[in-house]
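> Here is how the chains run, residue by residue.
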Amino acid sequence: MVSHSVTETESLGERLGGCLRAGDVLALTGDLGAGKTTLVRGIARGLGCPEPVSSPTFVLMHVYEGRLALYHFDAWRLSGPEDLLGIGAEEYLEGEGVAVVEWSERAEGILPPQRLEIRLESLEAPEERRICLRGLGLRGVELLEGLG
Amino acid sequence: MSHDRVEPYSPRLILGLESSCDETSVAVLEEGRICRVNLVSSQVALHEKYGGVVPEVACRAHMEVLNPLLQEALDQAGTRLADLDAVAVTHGPGLVGAVLLGVAAAKTLAGLLEIPLIGVNHLEGHLYSTFLEHSDVELPLVCLLVSGGHTQIVEMTTPGAYRVLGSTRDDAAGEAFDKVAKALGLGYPGGPRVEEAARRGDPSRLHLPRPMLEAGCEFSFSGLKTAVLVHLQSPDRVSVDDLCASFQEAVVDVLVTKTLRAARECRARTVAVAGGVAANSALRHRMEEACRKAGIPLRSPSMGLCTDNAAMIARAGWELARLGLRSPLTLDARPNLPLSSRI
Numbered sequence: 136m137v138s139h140s141v142t143e144t145e146s147l148g149e150r151l152g153g154c155l156r157a158g159d160v161l162a163l164t165g166d167l168g169a170g171k172t173t174l175v176r177g178i179a180r181g182l183g184c185p186e187p188v189s190s191p192t193f194v195l196m197h198v199y200e201g202r203l204a205l206y207h208f209d210a211w212r213l214s215g216p217e218d219l220l221g222i223g224a225e226e227y228l229e230g231e232g233v234a235v236v237e238w239s240e241r242a243e244g245i246l247p248p249q250r251l252e253i254r255l256e257s258l259e260a261p262e263e264r265r266i267c268l269r270g271l272g273l274r275g276v277e278l279l280e281g282l283g
Numbered sequence: 002m003s004h005d006r007v008e009p010y011s012p013r014l015i016l017g018l019e020s021s022c023d024e025t026s027v028a029v030l031e032e033g034r035i036c037r038v039n040l041v042s043s044q045v046a047l048h049e050k051y052g053g054v055v056p057e058v059a060c061r062a063h064m065e066v067l068n069p070l071l072q073e074a075l076d077q078a079g080t081r082l083a084d085l086d087a088v089a090v091t092h093g094p095g096l097v098g099a100v101l102l103g104v105a106a107a108k109t110l111a112g113l114l115e116i117p118l119i120g121v122n123h124l125e126g127h128l129y130s131t132f133l134e135h136s137d138v139e140l141p142l143v144c145l146l147v148s149g150g151h152t153q154i155v156e157m158t159t160p161g162a163y164r165v166l167g168s169t170r171d172d173a174a175g176e177a178f179d180k181v182a183k184a185l186g187l188g189y190p191g192g193p194r195v196e197e198a199a200r201r202g203d204p205s206r207l208h209l210p211r212p213m214l215e216a217g218c219e220f221s222f223s224g225l226k227t228a229v230l231v232h233l234q235s236p237d238r239v240s241v242d243d244l245c246a247s248f249q250e251a252v253v254d255v256l257v258t259k260t261l262r263a264a265r266e267c268r269a270r271t272v273a274v275a276g277g278v279a280a281n282s283a284l285r286h287r288m289e290e291a292c293r294k295a296g297i298p299l300r301s302p303s304m305g306l307c308t309d310n311a312a313m314i315a316r317a318g319w320e321l322a323r324l325g326l327r328s329p330l331t332l333d334a335r336p337n338l339p340l341s342s343r344i
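Protein chains in written order, with our numbering: chain R, 136 to 283; chain X, 2 to 344.
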């Protein structure tokens, strides 16, 4: 699908956030500035997290409390999945909340097989983004269908 | 509860522990002013002591480095554990596992030595870093706290009374530097690399957006980062040096304009810039100029105290002690801890 604005990307996230349940894992890929954090902001809203979402690049992970906890990871600074294990990520994946991993290509190997993969790409117009979703495993497909 | 109210006290020797993100740091502070020692893991050659290289990002790294670093700090300070009068520790915000480790160590020491434990907010530490070197900091202070993980403007009216005037809605300023550097192939950490290239470039070559320049003290750097990336795709792209100079100019413009506006509105008697990005010489230079024009003294910490360190945590702990605050041994790590007033 194509999002034409930041607002549209956020509302897609919000809709997605509304479908999520404990243990869900979302794997985000896309270049710098593709809108990954924007999408997560929408997801947080959909999960009813009142705190503003900012980029977790530096501290690697933010936790937001909502209807479900949102574990927001960012693997940009990491050299590979072992670094994510080094910060204890496995305790949060498929845990009591929802895990969203930005730059998930750097976390491959530690992500659970059931997940929703989301790829964001910049298009010609400044705010236009192509958003590709792929459901892996039963739960991944379920989420995809839930979004209609 | 992270703090109990007690009679104000003034610990002579405070041990400071900081492990909120990449750096592990241990400091010993005397009478709240004299920094006996302030060791930061990345700056100390401890490798041979425990064998192996420090992985940059891992809680395990903090765990491996903390004990030897503590021992080294006590040695260099010429003191023993038994001489300590209090332990101050960062209990948030930061990376949960890393913060936990520091808190666990601090609780163990405080319990064992039967001395007060003082939980400190990492950002509160940065706020007090300027007091370690300057004895003439008059309040209210308006501090721009700018690093890889944070960008905010905070007002301190009296010790313990803070007001966050605004923070970033998305990326921190230091993060924008890192990401732009990466996109330009300049490497990590991006701040110094971009600064170096910017020195050779022309800042007026490309006009980049000044995000939310008029909107109070809130920041947003994600759009500026994207504007740089979009420009990289355009056919008439400017040189890397010019692009770095134009980008840095845009960031500095926003930081200086907002800090000065806040300082005027708060009738600040001192301005400070703390955090890793305070090492950027363009920012330092422009902030000096702006403060001079506004007639407000600028009292920023020196480079070594701008980046994450435990001396600032010890100093903040000393201030909290004098306000009559100490933490129970049930103190929790709080990865999302917001900066809020103590009084």
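Everything labelled a hint here was simulated from the structure, so no lab data went into it.
Just so you know, even glycine gets a beta-carbon here, dropped at the ideal spot from N, CA and C.
It is possible that part of the hints are untrue.
As the list claims (entries may be wrong) - So the derived list for chain R, only partly shown, Cβ under 10 Å to chain X, looks like this:
| id | residue |
| --- | --- |
| 1 | Gly168 |
| 2 | Glu186 |
| 3 | Tyr199 |
| 4 | Gly221 |
> Compare the structure with each hint and give your call.
Here's how the hints hold up against the structure:
1. Gly168: holds, 4 Å
2. Glu186: Holds - the Cβ of Glu186(R) comes within 10 Å of chain X, reaching about 7 Å at its closest.
3. Tyr199: holds, 8 Å
4. Gly221: With a closest approach of 3 Å, the Gly221(R) hint holds.
In summary, the structure agrees with every hint in the numbered list given earlier.
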